[in-house]
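Protein sequences, first through last, are from chains H and Z. With the working numbering, letter number 173 in the first sequence gets 847, and the count goes up by one each step, no holes. With the working numbering, letter number 18 in the second sequence gets 28, and the count goes up by one each step, no holes.
Be careful, since some hints might not be right.
[As the list claims (entries may be wrong)] Here are a few chain Z residues that face chain H, going by a calculated C-beta distance under 8 Å: (1) L31; (2) T55; (3) L64; (4) L67; (5) P94; (6) T114.
[Claimed, not checked] Mimicking BS3-like on lysine-lysine, the simulated pairs with C-alpha atoms at most 30 Å apart in a straight line are: (7) H/K736 / H/K1015; (8) H/K816 / H/K790; (9) Z/K40 / H/K897; (10) Z/K40 / H/K1017.
Everything labelled a hint here was simulated from the structure, so no lab data went into it. The beta carbon of each residue, even a glycine, is placed where N, CA and C say it ideally should be.
Here's the letter readout for the chains.
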Amino acid sequence: MAGVETAAPTTNGGKWHDHYPELGTGPLPLEVFTSAEQFALEREYIFRKVWLNVCRIEQLSKPGDYFVKDIGVCNTSVIVVRGKDSRIRAFHNICSHRGNKVIWDQHGSASAFTCKFHGWMYGLDGGLKFVPDEASFFDLKKDCLGLTPVHVDVWAGFVFVNIDPNPQETLQEYLGELATELAGYPFAESSATAFSWRAEVKANWKIVKDSFQEVYHVGCLHKRSLPDAFVSSDNPYTHMLDMKLFPRHGRASLFGNAAHQPSPVQALSYKHGSILVRSGFSENTLPVGVNPTRSTDWSFELHVIFPAFFVVVSEGTYFTHQFWPLAVDRTIWESTTYFPKAKNLAQRFSQEYSRIIFRDIFLEDARTVEETQSVLSTGAKNEFLLQDYELLVRHSHNVVLNMITGSDGKTIGRAV
Amino acid sequence: MPEPHLPAAFRDLEPWLAWSLATEGERSAKRQSSTMVEIKAFYETMLARMEAILPYLEQFPPDNVPPQTERLFYLTLSLAEIAPAAELYGQPGVVDGFDVSRFTPGNE
């Protein structure tokens, strides 16, 4: 399916779904969130095949800096490292000798990687450099016994890996038009200050993902945290300003109520830079994929990179979510808020207020996804209903289904 | 005489130093273990002083902050932490929220 230019269909009584008739408007089978069989297929035909974001380039700023990502859904742990030649490389985190996990901590800086078990040592390029008591081995071919490489590439400072030994497309091809539309957004400048959270939630990864693919819930679930920032009398259900579907990814332009009345501490925060909903924006400096309709009622642009990486950008600040499946009903949730480097401590206070508000909102979402999952197996309901503004939810389930189902709709296990 | 904990202009806030905490984990735990009476008292005190505190903090780049200023700055971060409780929820935790202690800060 090609991306289709959308133009506020609701103004003439149409629906966003009208642009994507191939998706239909029917219900979604609930078992996609509870089926162990589907989860196994998602692991094999999605997560082991596509590009997955693991960190930011700022986490690997100098030669020797490394970052370890345990990717349970792919049954592996990956080391990402900046080499002495400044190249970024990635390796499976397993020793060639007897399979020990080589790096146990999560990040650091090293001149070489030494396995804790018997002291086998690898260079930052993955090559096997030293084997203690080498003479006692049999026909050891050290040149062939380096760490096993993993494909790695960087887009806009986001480091992605692909576990497939032979990826079917480059990162650039995978991101496609979504990345093109975001070109020029100042990710480097806006990423100077990063704060992250991590949680394990008892919910299927798509339940978690879907809760961030629509904002229909904002006026209800977040009515206390966000009484008027994203709803108004003209837009009580936080209708999106724009939506666009790419072959696998999705984008949505989120409404913000420029007339919202900040609370006292929020008003202090706004004076020093970090603003939840701003009135006006820099039309000339934002790429086309950020506030594409150039609306003055815009707040955030939601970029959903398949399968489960969210880049949600505002002007000068952004946040990400990355959801990592652990089991059919368990998911690691990682969120990071990014800000430009604060010029002074008053700006840092302002940033702190913003991110704490985000955190408390996420706590409302996290509770909800667990409560949802807890009753999915009752058997009382068999399907979910999706409305027009839940288009991204419908689309991404369609992508999942296409990737795990053969073209005849029956044969399980079609590759990307 | 022991060294004062806060900059001269803000010594009136010394009774609130228990809220001067360096990490999100500590500030969040303090919020969750306080009563709304305690939270509201800290909120009202800080709010009344923020118009003076923020221009003062504006003079300091985030690197190499003097200890007295840093303690004052941490008080403002605790205000950011408890503001949602005081202004939005009327209780220490998020209403119907996920347990914040399961939402682990990754940077500290």
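Hint check results:
Proximity of Z/L31 to chain H is violated relative to the hint, the smallest CB-CB distance being about 12 Å (cut-off 8 Å). Proximity of Z/T55 to chain H is violated relative to the hint, the smallest CB-CB distance being about 13 Å (cut-off 8 Å). A hinted interface residue such as Z/L64 counts as satisfied when its beta carbon comes closer than 8 Å to some beta carbon of chain H; here the least separation is about 5 Å, so the hint holds. Because the smallest distance between the Cβ of Z/L67 and any Cβ of chain H comes to about 4 Å, under 8 Å, the interface hint for this residue holds.
At a threshold of 8 Å, the smallest CB-CB gap from Z/P94 to chain H is about 5 Å, leaving the interface hint in force. Checking Z/T114 against chain H: minimum C-beta separation of about 5 Å stays under 8 Å; hint holds. Taking the CA atoms of H/K736 and H/K1015, the gap is about 19 Å. The hint holds against a cut of 30 Å. Only pairs whose Cα atoms come within 30 Å are accepted, and H/K816 paired with H/K790 is accepted, the gap being roughly 18 Å.
Between the alpha carbons of Z/K40 and H/K897 the distance comes to roughly 25 Å, so the proposed pair stays at or under 30 Å and holds. Between Z/K40 and H/K1017 the CA atoms are separated by roughly 28 Å; this keeps the pair inside 30 Å, and the hint holds.
Hints 1 and 2 from the earlier list are contradicted by this structure; the remaining hints agree with it.
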